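Student: In our numbering, each residue carries its 1-based index in the sequence shown increased by 257.
Mixed in with the good hints there might be a few duds.
[What the hints assert, rightly or not] For each label pair, taking beta carbons as the anchor points, the in silico distance ranges come out as:
| hint | residue 1 | residue 2 | range |
| --- | --- | --- | --- |
| 1 | Asn262 | Thr350 | 24 to 30 Å |
| 2 | Thr293 | Lys392 | 24 to 30 Å |
| 3 | Ile385 | Gln289 | 28 to 34 Å |
| 4 | Val346 | Asn265 | 45 to 51 Å |
| 5 | Ala307 | Pro349 | 27 to 33 Å |
| 6 | Gln283 | Asp355 | 21 to 27 Å |
| 7 | Ala282 | Pro342 | 34 to 40 Å |
| 8 | Ser393 | Glu334 | 28 to 34 Å |
| 9 | Gly268 | Arg292 | 24 to 30 Å |
| 10 | Lys392 | Ser329 | 18 to 24 Å |
| 11 | Asp340 | Lys397 | 47 to 53 Å |
Hints listed in this document are in silico derivations from the structure and should not be mistaken for laboratory results. All of these numbers come straight from a predicted model, not from anything done at the bench. Backbone N, C-alpha and C define an ideal beta-carbon position, used for all residues, glycine too.
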Amino acid sequence: MAFLNSLNIGGSALSAQRLRMDIIAQNIANSQTTRTESGEPYRRQQVVFAERSAFSNVLSEKIASRKKMALSGVVVERVVEDDTPLRPVYDPTHVDADENGYVYMPNVDTAKEQIDLMAATRSYDANITVVNAVKSMAVKALQIGK
């Protein structure tokens with residue numbers, strides 16, 4: 258049924274945005290972490306989204322078969338480290354300071370993370386609205402048969 262596809266799409270988006278919010282929370286929590294298990298300062302993580310099936314594959318199938326395109330949703334392709342440079346801060350008393358007295362702080366900008374968190378939250382809310390609308394339509398469709 259078509260509405261089940263819509264629920265799958267909305268559900269996959271909810272899962273992806275939830276992971277995005279978790280990664281953002283991790284970034285904020287580690288914004289002052291100067292030493293990780295690897296011995297280096299924490300680096301900001303970012304989530305990369307992808308379609309469940311490549312658009313080119315869907316397009317070629319659509320052209321070849323002339324069937325309705327099956328929508329499939331979104332997945333988290335990978336979580337990557339942000340390669341922006343670390344912030345040097347002069348603090349010779351810090352335990353992680355180098356020989357010149359600089360501590361390299363994580364490349365996490367908390368204001369940027371909060372903006373990303375707001376965007377992820379809004380996207381999550383929008384997808385909840387979609388899922389609820391699909392559920393409401395399914396209930397109405399079932400009531401027609403009564």
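Student: It remains to establish, for every hint, whether it holds in the given structure.
Tutor: Hint by hint, here is what the structure shows:
Checked against the given bound of 24 to 30 Å, the beta carbons of Asn262 and Thr350, roughly 59 Å apart, lie outside it. Between Thr293 and Lys392 the beta carbons are some 43 Å apart, a value that contradicts the proposed interval 24 to 30 Å. Between Ile385 and Gln289, the C-beta spacing of about 33 Å keeps the proposed range 28 to 34 Å intact. Take Val346 and Asn265: their Cβ atoms lie about 47 Å apart, and the range 45 to 51 Å holds.
Taking 27 to 33 Å as the suggested C-beta distance range, the pair Ala307 and Pro349 does not conform, at roughly 45 Å. Look at Gln283 against Asp355: about 26 Å separates their beta carbons, and that is inside 21 to 27 Å. In this structure the supplied range 34 to 40 Å is violated for Ala282 paired with Pro342, their Cβ-Cβ distance being about 23 Å. Taking the beta carbon of each, Ser393 and Glu334 are about 32 Å apart, inside 28 to 34 Å as hinted.
Between Gly268 and Arg292 the beta carbon distance is about 38 Å. The supplied range of 24 to 30 Å is therefore violated. For Lys392 and Ser329, the hinted distance range of 18 to 24 Å is satisfied, since their beta carbons lie about 19 Å from each other. Remark: the range hint 47 to 53 Å for Asp340 to Lys397 is upheld by a beta-carbon distance near 50 Å.
This entry does not satisfy hints 1, 2, 5, 7 and 9, going by the numbered hints stated previously.
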